[in-house]
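J.: Construct the complete structure from the given sequences, taking the supplied hints into account.
The listed protein sequences correspond, in order, to chains C and Z. No gaps in the numbering here: position 1 of the first sequence is 1 in my numbering, and each next residue is one more. No gaps in the numbering here: position 350 of the second sequence is 1350 in my numbering, and each next residue is one more.
Check the hints yourself; a few may be wrong.
Claimed, not checked - With the Cβ distance kept under 7 angstroms, some of the chain Z side facing chain C (calculated, not the full set):
hint : residue
1    : Ala1429
2    : Leu1448
3    : Phe1494
Think of the hints as simulated: they come from the structure by calculation, not from any bench. Glycine is no exception: its CB is placed at the ideal position from the N, C-alpha and C atoms.
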Amino acid sequence: MPVAGPIEALLAVTLVGALAVFLAPDEWAGKLATAISLVPVAVSAWMYTAFDGAGNALLGGDLAFESTIGWVQLGRYELAYHVGLDGISMPLLLLTTVLTTLALVSSWTPIDERQSQFYGLMLLMEASLIGVFSALDFFMWLVFWEAVLIPMYFLIGVWGGPRRKYAAIKFFVYTNVATLIMFVGFMALVFGLGDSISTFDMPEIAQALRAGGNLSAVAGIQPANLSLIAFTLMFAGFAVKVPVFPVHTWLPDAHVEAPTPVSVMLAGVLLKMGTYALLRFNFTMLREVAEANAAIIVAFGVLSIIYGAMLALAQQDLKRIVAYSSISSMGYVIVGLVAFTPHGFGGATFQMISHGLISGLMFMTVGVIYNETHTRMVGDISGIADRMPWAVGIFVAAAFGYMGLPFMAGFAAEYLIFQGAFASSVIPAAPLVTGVAMFGIVIVAGYLLWAMQRTLFGEYSLATDYDVSRAPVHDVAPLVVLLALVIVLGVRPGLVYQMIQDAVNPLLDTALQGGVALW
Amino acid sequence: MVVDIAGFQVADWVALVPSLILGVTAMLLFIVDSIEPRPGTSSNTVLAGLSTLGALGAFLVAGYFLVLGVGQPRGTGAVDLFNGQLVVDGMSLFFVVIVGSVTALVTLASYDYLEGQEYQAEYYGLVIMAATGMSLMASANSLATIFVSLELSSLPSYALVAFLKKNRGSVEGGLKYLLVGALSSSVLVYGISLVYAASGSLQLNAVADALAGGSSVPVGILGVGIIMVLLGFAFKTASVPFHFWAPEAYEGAPAPVSAFLSSASKAAGFVVAFRVFLTAFPEVGGLAGGDPMVDWVTAVTVLAVVTMTVGNFAAATQEKVKRMLAYSSVGHAGYALIGLAALNAPDQGFVLGASMMHLLVYGFMNTGAFLFIALTEHWGIGRTFQDFNGLSTQAPLACAAMTVFLFSLAGLPIGGGFISKLYLLAATAQAGSWLLGAALIVNSALSLFYYSRVVKAMWIEDPSADLEVDSYPSSLYAAVVIAAFVTFALLPAFGLLSPSAFDAASVLFG
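T.: Spelled out as structure tokens, the structure:
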């Protein structure tokens, strides 16, 4: 197997690039980081075209760009550097590289101090995220998973808003505890598997668990209880990252205080780490537990959808509105996952991509408006449509994308999730539950239309003393690119949905055969 | 007796060379000092250089022996010396590696730190003498040699803490350390006498044999003896209930001495505890199966939970960085105690090995953190968190190193502390010791909070107007940067060392 494939190239470019940017002078750190980040975009685009994976990475599918190097001996267990991609991780990797570059461009205007540190940390975060989505050895994956926290802590803490220190430490401690809890759950499973495995290789562990009957008692806890405890601990740990109600409280603080480009990364990619991990660990490895407890899990999902949307409805700060609506959108992912239908899994994964693009777009647009108006409060702004036609136009388009307008990525994702959830045989009273979840869309439409009507249109007024004019080209360009991607994926979801469906099919007994090429 | 080392048939005492190097270095330092032309004129460079070379030599030879397999099953097998009073095996060499590397970093950093101080020859002599005692503790295999080597490491340490004779904090710390040390030594020696009364032997293997019979053992006397021995070791490792000297001594002592005591001395205390409890009392504690005669595993579990909780909660409330590190050092003693507490796990070698690896990584990250404090003391900036505000604008390299230490101490993947802490957590899960696991998670989260206060001060807060760093002492910087590099390198290179720790640990469980 090759040791230096494209994934290693991505990691090397971002890590070495981060070091170079740290040492670069502030004046051109932003340009340098953006230029460096184009390399991962190009490489991952090439990887997309050269993608030759098939099936699910954890369930014996063919991995693309796989490589393995021995790393650490942990008692009886061998830990390895093992990376590879399947149809689930490939789109997420693309999302990471593209969104990082766009976020870097959107930082040029708002970030005006300690630039080299800022851009270096952004590249470090990109490296960690690439690792999270490609690592297939549990320990390796955990290193990247936790490594994301370090740049994020500084990015919020140094360049954030007035309450940035509080938000940074809250995010830091919250997610760190979640990781430790999740770790105990997973280790209990590994010890329960006993002699049947000798590595921390996620595919090997997943297959041993799905085969059934391999678990033995650990410290007096019987296998059935062991898998339930492990599932609960892991779900609790990942739920913080998603975030699922009621462990979402770090998110509004982190989002509101973070500078715009960091919010873009946080909503666009970091939240997906949680749902990605849920899919890989809970719903793949412990499928039976998930099915048996579908009622409880779907309740968390629906509660997140409705509660997140209601909270968004109550906000005055545009950024808070988008932040809370992310909780709502991630709730759809949970509902899709727990449906245990082909479209449910596929739609949930597609929603990760689609929400990554749309929420990134929303945060960036709010950021561009803030750059000009220096306020984000709904009541402070009115009628800026004439003065910032491009930014406002894109804001409207993004909002409709969020509401699930057809021919935009959000529509395809939510449609698939609802179709999958409706047909679910695992969720009790599936049509009813799906109907309740769909109500979330109505609330989304409500608060977005209300906020737009008040801020963008009507008579011009501004509570802050700034002259609003057109945003600079390099502020608007990333918005245009993102909007184009949202529309492309809305018109041709098959571009990524096909590989997603191919990768999630093995999760179910009855794979969906053919006929999934949407539009 | 002859042993085979690297293909040569040599006398068995050669296996003890790492400790001998330290002892000889200490003697050389006294000779250098005594032949100086006029009092106080010995060259600082010669003294620091000689000590660093000696410590480095001990570290390298011990590491080389570890690689060769000296004292380990794949090589010569454990080397018994002086009728089993001392033993050289994987465990002892592993801890000499820790002691040697910490001592080398500390003496290197002291070169700049002690600039202009009097009695430098005595300082280095005492440091190396204490290091000799610690390396002998790693090899001690009888309660008598354990007590002697423990005192050999403690007595110089008392003087070192009080080295800044005109500084009230230093003298106060030294006095407290001495008084608590004297008390705990007497507790230890009384415990040893009770164990001797119950078993009729001081050599650890003989103690184990004598107690194996079971029926005729006076359990009451033995139990009191074991608990008192445990308490005696609690002093050396800065664990509850003999931990309260640690904050005073670490805060008052010169920062390199704090680094030395909190890393090397703690590790030495642990190796003695490991060896005594696992060589002499495994059957008594029920590790070989059957009901425990004296349930010291439960006692250690309680001590571990209380120690990590006390240490971390106290650390979280501190206003001075050095004192915070001192309490966090108590907390880490609690983590390392898991190696003796989670022994209900099926794979006991893994549990103990995880603890040994944590002590190794801790040796670098904690030494580095205290040496960074030494750097700030050298610059004369204050001791509180606020005094560190904006320090990264003046000394970015040192602050980056300190960030590596602190995040690694907190268990984030920027250093080996990430893996070693997760190993310990995995060990608690394997033992099904939910209390230990929960305590570790809660304390770890708390520690992230207070460690990141320092990081926040250095990188996020704005500097106060009069913050100015005007000198960049090269040897202190070198020590800090080397420690940071090793801490970081232990993340990817953890696997180079962990097998020797696990092998060394497994041997003790037969």
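J.: It remains to establish, for every hint, whether it holds in the given structure.
T.: Against the structure, the hints:
1. Because the closest C-beta pair between Ala1429 of chain Z and chain C is about 4 angstroms apart, less than 7 angstroms, the hint holds.
2. Using the Cβ-Cβ criterion of 7 angstroms, the hint placing Leu1448 of chain Z at the interface with chain C is satisfied: the shortest such distance is roughly 5 angstroms.
3. At about 5 angstroms, the closest approach between the beta carbon of Phe1494 of chain Z and any beta carbon in chain C falls short of 7 angstroms, and the interface hint on this residue holds.
Figure legend: structure checked against the earlier numbered hints; every hint is met.
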